[in-house]
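Engineer: The lines below spell out each chain.
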Amino acid sequence: MHFTSITAGLVQLFGGLVASMLIPGFIQSLKAKLQGRVGPGSLQPYRDLRRLWNKSTVSVSNSTLTYRIAPSVVATSMGLAVLVVPVSSLGPNWGVGHDAFVLGGVLALSRLALVLAAWDTRNGFSLMAASRDLTISIFTETAMLISLSVAALVAGSTDMQVMISRISLFHVWSSPAPSLALAAFSLVVIAETGHQPVDNPDTHLELTMIHEGMTLEYAGRDLAMLQWSGGVKHWIMLVMLSEIFLPHFQNAYLQLLCLPLTVIAICIILAIVESTIVKMRLLNVPRFLGLGTILAFMGILALKVPS
Amino acid sequence: MTDTFRNQVAELLNNDYTFGGLYATKLSGSVKAVFISPNGALKILECQVQSGEAPSIADLVPSNWDEREAHDLYQISFNGHSPLRPLVEHDPISDHWTVAVKGSDVYQIAVGPIHAGIIESGHFRFHVIGDRILFLDTQLFYKYRGLEIAAENKTLHEGKRYVERMCMGCSVANALAYVQACEEIIGYIPSAKLRILRTVLLELERLWNHLNDIAAICAGVGMSLGNQIFLVLSERIRRLNFSLTGHRYLSGTIDIGEIKPVLTADNIENIRSELESVRLRAKEAWRELIFNSSFAARLEGVGVVDTAQIRRLGAVGPAARAAGLKEDFRAHSTKLDYENFEAVIPENPKGDVRSRLEQRYLEFLQSTEIIFRLIRKTDILTDEETACEPKPLGIGITESARGRTLCIVEASEGRIERLHMRTGSYANWSAVAYAAVGNLLPDFPLINKSFELCYACSDR
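So the protein sequences, as listed, match chains U and L. According to this note's numbering, the residues represented by the first sequence are 1 to 307, in order. According to this note's numbering, the residues represented by the second sequence are 1 to 460, in order.
Only chain U is shown next, with the shape it has when bound in the complex (with noise of 0.2 Å):
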């Protein structure tokens, strides 16, 4: 096997794995300086997760076999989509592949195990919250899929390798598409990984929540993968927006090379939303999220009316 691509299996596995809860974990600490506190530092969420490991689980009465593997389901999809998503062109293939829309699926599994563990509870605010999570979303995986398209449609293939590629090439740029999913694609990002405008993941306000409504019957265990799934999705969501959407270098080593940094900008990026745009009234993020999706069709029209 080839040195580059043993770095880059390298850098996709402890990057996914390890370092993941690292981006929620910037992001609040970042937040908290915002806004004058000192705030927890970044590596909180390994705290947390530490000391969740350590706690039982909890069983809701009456629940089924549904609720207790959904943590499991959900982990272990996530794991599935770090071996899927790739960091550069070049990189080890697990055997999974690297095609964006079985991780279209993949995502749509986790989100599908944590629903129908919220409708085995019987839990009003995880009903509550599930619905909300369905409804949504339906516009978030449009927007993503649609926007992976333009990226599909623009390297002639699937393959989210070709797409590093293909899209680090200069001449591409000059149609817009490019440009346009880049711009649907950080709609989605901020709407998956569940940050305002779109959902507010520091609240504890019950009624108004979205991903946190779902997992509010899990303890321990449990509620570490859960933390810890929400954690790779950051790293998911961001390795892709910095390595296929946004430009980047076409050596592999330099795309390794700058994935921290852009990772790092992203993350303040979304601090600085977070912090100064507030969460939208829940019926208008249907209509954010359409905006994503008309920026990836517009991105799509570019690519096929011929000029």
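If you are wondering where the hints come from, they were derived from the structure by calculation, not from laboratory data. For every residue, glycine included, the Cβ atom is placed at its ideal position computed from N, Cα and C. It cannot be assumed that every hint is accurate.
Claimed, not checked - With the Cβ distance kept under 7 Å, some of the chain U side facing chain L (calculated, not the full set): (1) N200; (2) T208; (3) V273; (4) I277.
Unchecked claim - Below, computed lysine-lysine pairings styled on DSBU-like, alpha-carbon distance capped at 35 Å: (5) L:K143 <-> L:K260; (6) L:K154 <-> L:K102; (7) L:K350 <-> L:K335; (8) L:K350 <-> U:K55; (9) U:K33 <-> L:K283; (10) L:K154 <-> L:K32.
Fit chain L to the supplied structure of chain U, relying on the hints for placement.
Structural biologist: Below, chain L alone, put in the same frame as chain U:
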């Protein structure tokens, strides 16, 4: 008998009196209703309870909660009030206290009494379709302490401690209402100096409350920056309170006929400079806040309670004024120092969250001006007390940060026979439930925070 009571009420209403509260007494076996004339004069109507029954006036005045409370605590059934739902006594069967909302796709979301955040205990039952609220049933009084009854047979001085502990957020307003009632009983008229001191304390309490409420509204929409800034300002006022009185919430500063040395020559300068600095920072922060379009978009037209509904529900305080009702009891507070006071209301009062937020800011500015005016004239006044005729029943009314707070004390031989407290929060809870109807479920925390009522003031 029954008809005369209702006729008397109707006649007072015709003369533009407003309902101040209703309470029952065990000793005389009667129900008493307090009315307030447009110029602040008080009138009490009494109706004897006959074989456990009294006529309901809930169709004439907003006495719904008062009658339910009297029923739960004194077993009086009110004729014409049907169904008479429990208020203080909690019924485990939810059908007994909720309003039936039936139909396909209607479901209930139950919140509380234990919440995910650090919030007082209250149970909210939302009847919703999707995320749209059809109706809201509230169940409070989870921590009802029976303080009114515990204070019975205590001396007037001891009673103050019970009143002060009803709610720390409204400590001054509640204690002051009680003390004014007691001073009516013993026939004491406070000196000009004492009037100034009490007014300053009441306004300091309003300052930290209003700043805190603005911060709470910011938190309700996830505006963490605004939340932090206004929390800091509120904290600065509480620290000022501490440096002046030794208590962050000003507890223990009000006493019957007693002046605490709060305003001295050195700390007057301290108050002035600190308030000016807080005011400046609040003005800057407010400008930034209202120019944030994402923030403004969450407030307009949410949780509307218009003037007609405010009157029907008997809502008071900033919530009423934000709907355009220019009523503020400070204008009639002869026992305090509010010369030429005029209630402020927003330019375009709509009764929504935005108006209630703006109302808080305007009152914050007004309160700082009142304090500036008062501390300028402290040293020129004497503390000459006067006396008047003692009475068996005293009523004190103050305008707390939540609205008009009424305290009734009945005493004989210096001991309390009946103490009744009707706070601004107590009067406003029905308006919160009404404001939620038709809005989105995720907007309810915001609507609730725009009223920011105390639970403790009801669970007294």
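Engineer: Does K335 (chain L) sit within 35 Å of K350 (chain L), going by the straight-line distance between their CA atoms?
Structural biologist: Status holds; Cα separation ~32 Å.
Engineer: Within a Cα-Cα threshold of 35 Å, do K154 (chain L) and K102 (chain L) meet the stated pairing?
Structural biologist: Distance ~49 Å between K154 (chain L) and K102 (chain L) Cα, so the pair is violated.
Engineer: Min Cβ distance, T208 (chain U) to chain L: is it shorter than 7 Å?
Structural biologist: holds, 4 Å
Engineer: Sort out whether K283 (chain L) lies within 35 Å of K33 (chain U), counting only the CA atoms.
Structural biologist: holds, 23 Å
Engineer: Close enough to count: is the Cβ of I277 (chain U) nearer than 7 Å to one in chain L?
Structural biologist: Nearest chain L Cβ about 5 Å off; hint holds.
Engineer: Would the hint linking K350 (chain L) and K55 (chain U) be met if the CA-CA limit is 35 Å?
Structural biologist: violated, 50 Å
Engineer: Does K260 (chain L) lie within 35 Å of K143 (chain L) when you go C-alpha to C-alpha?
Structural biologist: holds, 32 Å
Engineer: Does V273 (chain U) hold up as a contact with chain L if the rule is Cβ-Cβ below 7 Å?
Structural biologist: violated, 10 Å
Engineer: Under the criterion that the straight-line Cα-Cα distance not exceed 35 Å, is the pair K154 (chain L), K32 (chain L) satisfied?
Structural biologist: Distance of about 22 Å is within 35 Å: holds.
Engineer: Is the shortest C-beta separation between N200 (chain U) and chain L less than 7 Å?
Structural biologist: With a minimum Cβ separation of about 4 Å from chain L (threshold 7 Å), the hint on N200 (chain U) holds.
Of the numbered hints listed earlier, those contradicted by the structure are 3, 6 and 8.
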